[in-house]
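Chain by chain, the residues run as shown.
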Amino acid sequence: MLEFLESVMPAGPMAVFVFSIIPLMIILLYALFAIWMERKVAGHIQDRLGPMRVGGWHGWAQTIADLLKMIQKEDIVPAKADRFFFKMAPFIAFGASYGAFVAIPLSSGYIGSMIDVGVFYIVAITSLLSISIIMAGWASNNKWSLLGAMRTAAQTVSYEVPTIATILSVVLVTGTLNLMEVTELQSGNSFLGFLPNWMIFHSPFMVIAFVIFFVAVLAESHRVPFDLPESESELVGGYQTEYSGMRWGLFMLTEYADMLLLSLVTVTLFFGGWNSPFGPFLDGPFWGAFWMLLKGMIVVFVMMWLRWTLPRLRVDQLMNLCWKYLIPLSFVNLVLIALWEMIF
Amino acid sequence: MVKVLTDTYSTFKTIFTGMGVTWRHLFKKSVTVQYPDERDVLPERVRLKLDVNIDDCIGCRLCERACPVDCITIGTTKSTEDDDLGETSTGHKKKLWVDQFDIDLAKCCYCELCVHPCPTECITMVEDYEYSVYDRDNLVYSFSDMTPEQIEEVQAKLAREEEEKRKKKEEARLAKKKKEEEKKAAEDDDSGSAEAKKSDDKGGDQGTTEAKKEAGTEGGGNVDSDKEARKKEREARRAARKAEREAKKKSDE
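Chains A and B, in that order, give the protein sequences.
If you read the first sequence in this note's numbering, its first letter stands for residue 1, the second for the next number, and so on.
If you read the second sequence in this note's numbering, its first letter stands for residue 1, the second for the next number, and so on.
It is worth saying that the hints were derived from the structure and are not from the lab.
Some hints could be false.
As the list claims (entries may be wrong) - Simulated crosslink set (DSS-like; lysine-lysine; CA at most 30 Å straight-line):
no. : chain 1 : residue 1 : chain 2 : residue 2
1   : B       : Lys107    : B       : Lys3
2   : B       : Lys13     : A       : Lys324
3   : B       : Lys232    : B       : Lys157
4   : B       : Lys249    : B       : Lys49
5   : A       : Lys324    : B       : Lys249
6   : B       : Lys93     : B       : Lys232
Keep in mind the model is a prediction, meaning the values are calculated, not measured.
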């Protein structure tokens, strides 16, 4: 991809710029679509219609209208806030989210950087997100914000353990941290013949690993039922309380970008990434991007579906679930997968 | 260990049950009515707004009396003998000019108690619920179709007629008295007091004849054509007022 761009573009840096901006375009378009979709899903699950007016067909332009509104709004910084960090936090948050897209293979022809520590890099850089949230909460000089930020810290630190343990079990099987190679290893059909050779069909323990990973990912992206850092009803938005206008919009964008990122990681690790579910049929770089994004959107839809189904957990329940169930289970599962690998 | 397993099982079971419920609702027809585009069918006998067919109103004030919040104000003037206000569509004879029929819908509690007493069924509830306004005063609906000049005219006429009647009565009374006194005078033969009475009568007589003249020139000339003209005028006024009300409503919107 980069070679192709360099051959087309006159200047090298230009090609690199265009190359690196592709995920950003995808994120922005996806965020416009996903916020609308979230509202539609929420509406229809509650027997409502959701946005119907803006843009004509089923309110498709609602997010664009909201975006225009948000850009025009005043950017308020509280008088007692730490101005520099308060203003920086949303950019760091989005930067962390966007930075993680580097290591994700969007298709067989596109990956930001073929680094050999891809998954490790993603896990590391998404931790920056929780730092930016703590930054926002602390700099706001507001009790709700600080409480939200502290909950984020506790939650992220706890849930990174089962996430990493389940990622390790995938890495155990594939033997590489490079996500492109992980995806390539999942192409073709499995030993059963009809199922694709995806990681989720590798062994029954992989299904358990997937469930643990998905729950942990939900918690890491602060989605319901693990949205304690934001919890509109008790913390009035948590770390977002003092933000307004486009800075708040950036946090919103980060939240949705994070959803997409973690969905894509889930797809790459367990559902064959850009591999077509029909073997060689509809395969290739372009169809690869299509399958990758389609699978990602399905996972995003499941996240939305869960959000409008489940109530929020209490803080102690959250910690209970993580430390008493997910972490022991993920380690036992890791050992069992290792044994499975040794035997078969 | 067993507890952990049963807990895990019940957790997943409940999550999937809930997801099944939301999945079913995702494809259920939504209950939303997109209001300005589509509207709910209103039930029969809805109580949304009061309307008065002023042509049928006989000014009996039964609705005003029935109203628990006093939101109806009716003003009436008796018609003079030379005016015929016609009949209502239900066959009641109209005897009163209804010069004021105001309903303050800001006060109205939509109890419909005013509708049932009406003998001519001229006050009704109609199916209009879109009459919100920015100024509360715009919720006072005036249904009377008479102009201030007309009201003045009618009232002046009534006053004149009453005056006339009163004078006639007075005259009759005086004449009676006079007769009696004459009788008495004939009996008593006291001329002094009778003279004084006579001069009084003369003054009164002059007044009544003048009033009669006035009434004659106005009412007696051409009764039928006069009435036609007035009726036409009234209708034109009503249309103008309706248009005005519409305009007011529009400006409010």
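(request) Quick one: which hint numbers does this structure break? Sort them smallest to largest. (result) 1 and 5
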